[in-house]
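Chains E and S supply the protein sequences, listed in that same order.
In this text, residue positions in the first sequence follow the numbering used here: the first is 232, and each later residue adds one.
In this text, residue positions in the second sequence follow the numbering used here: the first is 232, and each later residue adds one.
Watch out, some of these pointers could steer you wrong.
Copies of the same chain look alike in the list, so a pair counts if it works inside one copy or between any two.
[Unchecked claim] Using 25 Å as the maximum straight-line C-alpha spacing, the simulated DSS-like pairs for lysine-lysine come out as follows:
hint, residue 1, residue 2
1, Lys530, Lys350
2, Lys285, Lys487
3, Lys337, Lys311
4, Lys386, Lys350
5, Lys386, Lys530
6, Lys366, Lys251
7, Lys530, Lys487
8, Lys386, Lys487
9, Lys285, Lys386
What the hints contain is simulated information worked out from the structure, not anything from laboratory work.
2 protein chains.
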Amino acid sequence: MLITLLALQAAAQAPAPAPKAPSEIIAAAPAADWIDIAPDDLLVMQLAPGASGKERRVVIQLMPPPFSQSWIANIRTLAKAHWWDGTSINRVQDNYVVQWGDATEKKSLPTGLASTSEKEYQLPAPSETIEARRKGLEAQFQGSVSTKDKAELEKLAKRLWRLRDPYALSVEHFRGWPTAMNQADMWPVHCYGMIGVGRGLSPDAGSGAELYTVIGHAPRHLDRNIAVVGRVVEGIEHLSSLPRGTGALGFYEDPKQRVPIVSIRLASELPEGERPRMQYLSTETASFAAYADARANRKDAFFNIPAGGADICNVPVPIRRKL
Amino acid sequence: MLITLLALQAAAQAPAPAPKAPSEIIAAAPAADWIDIAPDDLLVMQLAPGASGKERRVVIQLMPPPFSQSWIANIRTLAKAHWWDGTSINRVQDNYVVQWGDATEKKSLPTGLASTSEKEYQLPAPSETIEARRKGLEAQFQGSVSTKDKAELEKLAKRLWRLRDPYALSVEHFRGWPTAMNQADMWPVHCYGMIGVGRGLSPDAGSGAELYTVIGHAPRHLDRNIAVVGRVVEGIEHLSSLPRGTGALGFYEDPKQRVPIVSIRLASELPEGERPRMQYLSTETASFAAYADARANRKDAFFNIPAGGADICNVPVPIRRKL
Numbered sequence: 232m233l234i235t236l237l238a239l240q241a242a243a244q245a246p247a248p249a250p251k252a253p254s255e256i257i258a259a260a261p262a263a264d265w266i267d268i269a270p271d272d273l274l275v276m277q278l279a280p281g282a283s284g285k286e287r288r289v290v291i292q293l294m295p296p297p298f299s300q301s302w303i304a305n306i307r308t309l310a311k312a313h314w315w316d317g318t319s320i321n322r323v324q325d326n327y328v329v330q331w332g333d334a335t336e337k338k339s340l341p342t343g344l345a346s347t348s349e350k351e352y353q354l355p356a357p358s359e360t361i362e363a364r365r366k367g368l369e370a371q372f373q374g375s376v377s378t379k380d381k382a383e384l385e386k387l388a389k390r391l392w393r394l395r396d397p398y399a400l401s402v403e404h405f406r407g408w409p410t411a412m413n414q415a416d417m418w419p420v421h422c423y424g425m426i427g428v429g430r431g432l433s434p435d436a437g438s439g440a441e442l443y444t445v446i447g448h449a450p451r452h453l454d455r456n457i458a459v460v461g462r463v464v465e466g467i468e469h470l471s472s473l474p475r476g477t478g479a480l481g482f483y484e485d486p487k488q489r490v491p492i493v494s495i496r497l498a499s500e501l502p503e504g505e506r507p508r509m510q511y512l513s514t515e516t517a518s519f520a521a522y523a524d525a526r527a528n529r530k531d532a533f534f535n536i537p538a539g540g541a542d543i544c545n546v547p548v549p550i551r552r553k554l
Numbered sequence: 232m233l234i235t236l237l238a239l240q241a242a243a244q245a246p247a248p249a250p251k252a253p254s255e256i257i258a259a260a261p262a263a264d265w266i267d268i269a270p271d272d273l274l275v276m277q278l279a280p281g282a283s284g285k286e287r288r289v290v291i292q293l294m295p296p297p298f299s300q301s302w303i304a305n306i307r308t309l310a311k312a313h314w315w316d317g318t319s320i321n322r323v324q325d326n327y328v329v330q331w332g333d334a335t336e337k338k339s340l341p342t343g344l345a346s347t348s349e350k351e352y353q354l355p356a357p358s359e360t361i362e363a364r365r366k367g368l369e370a371q372f373q374g375s376v377s378t379k380d381k382a383e384l385e386k387l388a389k390r391l392w393r394l395r396d397p398y399a400l401s402v403e404h405f406r407g408w409p410t411a412m413n414q415a416d417m418w419p420v421h422c423y424g425m426i427g428v429g430r431g432l433s434p435d436a437g438s439g440a441e442l443y444t445v446i447g448h449a450p451r452h453l454d455r456n457i458a459v460v461g462r463v464v465e466g467i468e469h470l471s472s473l474p475r476g477t478g479a480l481g482f483y484e485d486p487k488q489r490v491p492i493v494s495i496r497l498a499s500e501l502p503e504g505e506r507p508r509m510q511y512l513s514t515e516t517a518s519f520a521a522y523a524d525a526r527a528n529r530k531d532a533f534f535n536i537p538a539g540g541a542d543i544c545n546v547p548v549p550i551r552r553k554l
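Please work from the sequences and hints to get the whole structure.
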């Protein structure tokens, strides 16, 4: 088994083109590989200015179907009701999360929120991702693949790290998002910058009013235990560099330490000129495949030994302002 | 193969004791499981006070043999020469590193520094860790183990996630540190809070005068490409919450943004009363094994679905002030 694996890796490395850095691959991606993020999928969070008086704006992308849509519907409802205006960031725990919402826990929620269920933390894995894994498993474990095509072999060899995830049978980027899979189900994973929904004990699954973002090493043990609803696509430094809370779980002990949230709005509700215009690199393109492969095998000048693999959270989906 | 793996996992889950949170396991560890960190292995970095006037002290543990000892000898020499006093933190890159040293790049180094070599990024893996992996591989891939002992089988099943690392054939905690291994070599890994040595292009391996710590998701692609020399054991929030630099690679553009380093001292050079007294939980104890297993299988009240595995960087070695 190991010998086959190594042989496949050697095959993959044979016809070495001039090595490109991941950033160069992104820069060279054709315009058609970039997907506009719809204004209804973007949230703009305006924090009160910091000590220096500078503006602090955080832009969040909400996940597309089939992920977490009941919470995301609620988040749109909450944003349209201006529910977060005047709430605050209340918790900053080092190497873990920044959390915001109503510190008083008394503010009433708007009407019309959907009920949510922990059953939605996972969903059936799409047949194409199951198929990609099946082929990879075949290559890795049976020591043979059903194709004799050399290019196909190389492609499979480059995919093998996706079968070496410590939390799941495999991982895949799917429609722009990092996901993990077991035998038949998939779920979005907690990487740096991802947004999740605070909740009480099971069966509570949270409404979407209490949110957090990851500011440390991916807390993947939360996967399938909490709804993941989006990611920060701009301005995460305004959250990740906040002073850490000194209370239990990183909550601010003094209410004065809380960071006021001026507003959270859907971009679709902002005047045209104030909307952030963002794009992500389609994960179903050759550009993304080359980028992921370069992340897993760094060969630019600084690197001596390419890793031969990557943690899915170390292959962040490229995001940019629309040119 | 997969069926065997699942059967092993089921066996491991069968005689369920009352689930304990990782923090409870640490709290219950006997005193003998905690190892004092020698004052010669601790660095105390004093930063200029922040805007609020509060003290900012960061405590760093240097790695023991067999890891990175030529750089660590240099770091002790630099500390004894008070070389870092008056230097600064010059780079803060979000989800990556905080880096410090001589911003002028002109300060001459003390005499007596050892030469360093990139060959030392890796070292031969100890036979006991190779053996642990061999047993795990046997269980995972051959569908049989050489023991019929049920307790031994359960122990192996709990270890299997260590063979599912995307960057290496296996991972192990070894003498208090997270490491990874290929067929015959091992190396320390870049987890959150780990300290590495800045360098130029190969074959330069850095002297140890320019250091960084990880403040984001583990940049494991740096493993085997840079020397890892230690970790922050107290006060990382003074580094991770610094304003991000806006220059290339997160360097501060305005020299006034740099954070002055008042001093860096070995604890052994401080007066007895000023020395931090720290301990780490021995990774070669039943307490640590139970803690790692609980991190990989969270069953405390908040969790619905235990992950069944963990990224080695998500199993940080417990550190405490000596009681």
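We went through each hint and held it up to the structure:
Taking the shortest Cα distances, Lys530 and Lys350 sit within 25 Å of each other only across copies (18 Å), while inside one copy they are farther apart (42 Å). Taking identical chains as interchangeable, the C-alpha atoms of Lys285 and Lys487 lie at most 25 Å apart whether they share a chain (19 Å) or sit on different chains (17 Å). For the identical chains of this complex, Lys337 and Lys311 are intra-copy neighbours only, at 19 Å inside a copy versus 56 Å across copies, given an alpha-carbon limit of 25 Å. Within a single copy, Lys386 and Lys350 get their C-alpha atoms no closer than 35 Å, and across copies no closer than 31 Å, so neither meets the 25 Å cut-off.
When the C-alpha separation of Lys386 and Lys530 is checked against a cutoff of 25 Å, the pair qualifies only within one copy, where the shortest distance is 18 Å, while the shortest distance between copies is 38 Å. In this assembly of identical chains, the alpha carbons of Lys366 and Lys251 never lie at most 25 Å apart, being 27 Å within a copy and 39 Å across copies at closest. In this assembly of identical chains, the alpha carbons of Lys530 and Lys487 never lie at most 25 Å apart, being 48 Å within a copy and 35 Å across copies at closest. Taking the closest pair of Cα atoms, Lys386 and Lys487 never come within 25 Å of each other, the shortest separation being 54 Å inside a single copy and 49 Å across copies.
In the homo-oligomer, the alpha carbons of Lys285 and Lys386 never lie at most 25 Å apart, since the shortest distance is 47 Å inside one protomer and 54 Å across protomers.
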